[in-house]
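Turn these sequences into a full structure, and let the hints guide you.
If you read the sequence shown in numbering that gives the first Met the number 0, its first letter stands for residue 0, the second for the next number, and so on.
Since the hints were derived computationally from the structure, they do not count as laboratory data. Glycine residues also receive a C-beta, built at the ideal position from the N, C-alpha and C atoms. Be a bit skeptical, because a hint or two may be false.
Each pair of labels, with its calculated beta carbon distance range [what the hints assert, rightly or not]:
no., residue 1, residue 2, range
1, H1036, Q1004, 15 to 23 Å
2, D767, K1198, 52 to 60 Å
3, Q389, A107, 36 to 44 Å
Lysine-lysine pairs mimicking DSS-like chemistry, simulated, CA-CA at most 27 Å apart [what the hints assert, rightly or not]:
no., residue 1, residue 2
4, K934, K847
5, K759, K456
6, K604, K1090
7, K925, K941
8, K708, K759
9, K249, K684
10, K1235, K1270
11, K480, K467
12, K674, K686
13, K708, K744
14, K1090, K1124
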Amino acid sequence: MADHMPPVLLEACVVLGASSDKLREVSQAINNNGTPEHLLLEPEVLHVLVPLFVSRPPAGSEAVRSHGKKRRSFLRKKKEQPPPAAATPIQAGGSEDVSVPKDIDLMALPQLCFPGGLQVTNEQKDEQFHFLVFTDVFGNKTHGVVMQCYRPILEGTSVFQNGAGSSKFSQLFSAYSFCVISKYPYFTALKDCLSCLLIQLKTCLLSDMEERVKEFAAKLALVPIPPPGQLHLMFTLGPLTIVLPSREDKDHPAIDLDLHLPFFFFRPQQLLQGLSCLLQEQRVVLFSADWARLTLVAESFLLFLQPLSWQQPYVPVLARGMLDFLMAPTAFLMGCHLSHLEEVATETDDLVLINIDNGSVSTSCSETVDLPEIPLAAADCFTKRCQTLQINFDLYQCHHASCTDISEQRAQRRAWQHDLNVDIQRITLELMVNIFRDVSSHLNYEHRVFNSEEFLKTREPAEQLFYKNVLETHIFHLFLKDRLNRKMDNFARMELSTRSEMQRMKAMVEVPRRPTMQEIQARRKCSIIESKMSKRLGMSLPNLGDDRTLSFQRNSLLTRITVSDPALRTPPKPARVFKLPDFPVSLSFHSVQSYYSELIQQLGKAIFSVQNENSTLLARFYYLRGFINTLCWRRLDALGDFQNLYKTDTAIFPTQLVTWLVDSLHRDERQQAEKRPELKRLILKVKTENEKLSVQPDDHVKKFELPRKHLHQEEFVRCVQECGIVNDVATIHRLFDAFTNGQTKQVDPELFRVFYTFWKEMEAEAQDFNLPSEVIDHLDNSECVYKLSSCVKTSHGVGQIAMTQKRLILLTVGRQSFLEITKFRDIQEVKIASAAFLLVRIPSLRIKTSSRLEVFEANLKTETELWNLVVKEMWAGRKMADQHKDPQYMTQALTNVLLMDAVMGCLQTQRPIIAASKLAYFDKIKHEVPMMVPKTTSETLKHKINPSLDLAEPQTVHVLLYTPGQLTCKDSEGEMNPKLWVALGGGKVVVFDAASWSMLQDCIQVGASQLHCMLGLVQGQVWIGSQDSVIYIIDTHSMSCNKQLTEHRHEVTGLTVDPRDKHNRTAFPSQATYSCSCDGTILQWDTVSLKVKQQFHLSCDRLSSIQIYNGTLWGCCGDAIVELKKNGNPQRRMALPDDIRSMPSSFSSFIVIPERGQLWTGCADSGELCLWHTNNHRRPFKRISLPGSSGVTCMIRVKDQIWVGCRGQSGIGGQCDGQLRSQVLVMDAESHTVAKELQAHSDSIQTLCSAEDRYVLSGSACRDGKIAIWKVE
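Listed below in structure tokens is the structure:
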């Protein structure tokens, strides 16, 4: 089947058995010599049926490809050369050659369908089923279900046992097999299909068998595969109703088997052993006396590993003649009959042998498995979860009424199995999350580096060998690629949703790794429990109850936080089942077309029924109808259906199929498509995508390695970022200057190695600090000890000075007590002094603080200069963080301090303190620039957040949007909180929880172009207008962007909704929503159907935004503000003033206050506002000067105030490292005066948004890149 063609259930149907000639020989031999005890025959391919089965009559313009139903003859005898895979379309009465799918190996198939050999027996045996999986060299899988039956050997003509005919040799029976092959793992469904075929075969003559099998295969070739998502397909075949479950998404296979079967055979400990072997890519062999169990258990094991995907050789069923495959030197997963267990164990080395029948796991060398086990915490959690599973259907059913209808009983069984499969998948996914949760903490996304050595250092000693083995595997390498690509799969969602509060807080700020007090307390409890359980003989241990200090292990207990029960108990999303029409009685061309027409009609009804209810389900119906239209060669109708996926769910858009359809259009079809705007846009989009250079995404994964050559500044930045020390480019540049210190501008690789080693040793030493219990209890849970002095004499006794991110404390010697020296915000003065000791003066550090009268002095000796730098930098960082309400200043100061410490430790120069002082950034700013924030700014500013936290450099905040929280929410607690949506460069959207200002999503990718505008709607949607002319729609519940509006031809610059519809809470609210593009096109949307209700064009150079007031649209053109009539025609224009028109300037923003009859306008290159009077056209406009502004970038109305975002002038508000400061001005709408001048950004204000009129948020350009949160009075 061609890759671009739509998927159907049947790939091929193959009949296998002994040839007629061979049966004749057997018959003759028995006639002469009697019945042999054991007779094995060589199986052969008797018949092959592959779609296509019918095609259009010769009068048609072309043959129906791939899934029409032309009657075909059988390919006979395996020894004949199979025809080529690509066959030309066959007309009725054409050639009888068969096109065998390229993925099917007819040479090996007979052995796999008769893995134990083709037997001749003297008694009738029951039918048996087993399952096959074929894997090509690219890892693509094809699946087979085999039904093995027996028929009597009769002289002359062969008939089934229940058919007519008799013979004296009827006591002998020969096996034959039917193998149904599919691209999709529908094991249960295909087994049901073969069971229905079996009923017919038992009652038919041999002469009728060929026709029955043809009809069977032709019917299966009519069945489409359901698209990914919550839509299953159902069809009737004989007495059974069969369901095809859909895949969860494109990246997951369909699950049509009983995932609880391994739990019948294995205890959780053995399951974990098997999974551990697969994660470490061992050579694993499954054994069972039942061929069917091999594939079902193997498939279950591989599904348990998700999202990790097995990439090694995989042959779940090995026939007797294939045992030499087990000698392969690479890792593999294979299965063979239990009778070969002893032979395989004797003849091979280093194999992991899993006996399904008795639930044991051993190796070919011993009865046990000498391999590292899965980490204990994750294993214990998995074991407990397994104990909660209810895996016996009879126990579930015992209190229900007995079913009197087989269809009802099968439906109940399917529903129970589906829910159980979901529970098992969650438990195994939780296992993978608990094993690999900390991997993301050691990734550098920009350079695609995984620091495996540092990751291993954070593991418990008993776990390190397991992780070391896993980290070298191909399966883990592919997993890393997905993590580095920020793939938002089930693993990422569960890992994110189950983070502890401490992990969430750590993710908000970029700080070096140190254990917090909360972690230390958790370890203390764990250590006490473990110590009481473990008593070592022959050793004298101190009484732990009297021990006032605590040593703790490296690995954070927070990494072991597992999924809470409520998270696991979330019910699965309900699935819709769509029933296909009954199969046609005749399989002629016209009957098949009638079947497709009926199916299209039913899909049309389904589309109409869910049109305004469920866009996700609607997308699946569009997809199916497009698929059927493709089969019927209704190309334009198919393209129309696939075009609708942009508005419903782009995640299932069949790009290859649509491209092929566009390329196959005839001239008359292209002319018709030109008359349909939606098809014209789709064809243009397909052509544009195809014309783009096909650039392969960068998916390599690097392991961090220390440099081997001298590093220039750019290379130095890359190496520091890769090793995970610091990510900020400006900080790394200062570190580079510290190392080069005016010398040649490159860093020696040996110096870098010493620096890296020293830094990691500091991290390790911090893990081993012994802190008194009183200190741990006194400090905040989030505090960490970052620096510890040597033991020195102080004004409060002898001890060590410890530094956290908030304070300095003295750990006194002898009395096991401590003294809080000061909090950094309380420091008043820090200076170096000298203390007399005998005849010499010892350098000391004096700290004056507001919290105590006396000055604290410490004789730090050679450490004095470094501690002087450290304390001053932390003091300056604390003051800036407090004044600017920005905690990142403190985080940055802390990083600077640790880098100073490392520079001092690794430089061998005469005065390393000079180099270290280059990193004292905030202390330097304190002396160069006044640190005081204006009182008005300080009182109004509430907080600042950084949306570019995980990026190397700040990004421009292009758009901000606040969406209010939900009063009631069915899905999760997180949905109740309001959200802040932040549009950065390159189509990146970051989402914050607006209740705690913690980051919810660090990246939702929305195209790849700059984003211009955002709009929140009551349907749980966020619309985003992009420079690439597309409106992207994000679902606020799933945080996914799977819808697009493509009606605009140029960049989308504005979105607006009638505020009178904001509180419309009807079942299907439709808000008056408008969008505009820069060419002047304005579209009105139906927000439920996502269709254009009205379209008009405004003639202007550039339409930059639109707004709606009291039902009237206003547009911001370059040289005018235009009020529009309802038909879209301009009603009046407010043009640029003449003096501004002479400048290269334009209107940048406007605000209308209808009740006051006011129109406020601002220009990009003018430091003033213009106030127009909309109720009196003749009244001249008023100019309002804006102090310190060189241009207006944005405006919003909040209550009776106008908030104005400006670009600052040189020198306004001071300068910071050469950067200009910009202002947010608050205007009084009544007095037309500036009520407040707010200074919080060091680059121009790009966007403003209001949070329920309680707060205003401002976002700035990339030299600042932060978001300020202001209180509204």
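Hint-by-hint comparison with the structure:
In this structure the hint that H1036 and Q1004 lie 15 to 23 Å apart at CB holds, the actual value being about 18 Å. Here the CB-CB span from D767 to K1198 is close to 56 Å, well matched to the stated 52 to 60 Å. Distance hint for Q389 and A107: a CB-CB separation of about 40 Å, consistent with the stated range 36 to 44 Å. Taking the CA atoms of K934 and K847, the gap is about 26 Å. The hint holds against a cut of 27 Å.
Taking the CA atoms of K759 and K456, the gap is near 10 Å; set against the 27 Å cutoff, the hint holds. At roughly 19 Å between alpha-carbon atoms, K604 and K1090 fall within 27 Å of each other, so this suggested pair holds. Restraint check: the Cα-Cα separation between K925 and K941 comes to about 22 Å, which is no more than 27 Å; the hinted pair holds. Between the alpha carbons of K708 and K759 the distance comes to roughly 21 Å, so the proposed pair stays at or under 27 Å and holds.
Of the pairs offered as hints, the one joining K249 and K684 holds, with about 22 Å between alpha carbons and a cut-off of 27 Å not exceeded. Proposed proximity of K1235 and K1270 is supported: the alpha carbons are some 12 Å apart, at most 27 Å. With a C-alpha separation of about 18 Å, the suggested pair K480 and K467 falls inside the 27 Å cut-off, and the hint holds. Under the criterion of a C-alpha separation no larger than 27 Å, the hint pairing K674 with K686 is consistent with the structure, at around 17 Å.
The straight-line distance between the Cα atoms of K708 and K744 is roughly 14 Å, inside the 27 Å bound, and the hint therefore holds. A hinted pair counts as satisfied when its Cα atoms are at most 27 Å apart, and K1090 with K1124 qualifies at roughly 22 Å.
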